[in-house]
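Going left to right, the sequence shown walks through residues 247 to 317 as our numbering numbers them.
Hints listed in this document are in silico derivations from the structure and should not be mistaken for laboratory results.
Misleading hints may appear alongside valid ones.
Within a straight-line C-alpha distance of at most 25 Å, the following computed DSS-like cross-link-like pairs (lysine-lysine) qualify [stated by the list, open to error]:
1. 265 <-> 252
2. 297 <-> 252
3. 252 <-> 294
4. 252 <-> 295
5. 265 <-> 295
These numbers come from a predicted model, not from an experiment.
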Amino acid sequence: MLPLTKEQEAALGLELATKRQEHADLDAAIATLAASQLADRMLIQRLKKRKLALKDRIVQLETILIPDIIA
């Protein structure tokens, strides 16, 4: 893998922070909806699916930004 420029690293770091915040926001929204008496199961499922997609992207970004170091 080619080394990242400082600009690329900064852009990916910003995207990572944004995705982490969005993931946390979705987690809170899902918890609130699940506790609600009028919870729409389809909406909760869509939010969970979006949250899972965000988690996958977070893992990708972390892998790019923090590569494994073989000892």
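Verification of the hints:
no., hint, result
1, 265 <-> 252, "20 Å, holds"
2, 297 <-> 252, "29 Å, violated"
3, 252 <-> 294, "33 Å, violated"
4, 252 <-> 295, "32 Å, violated"
5, 265 <-> 295, "14 Å, holds"
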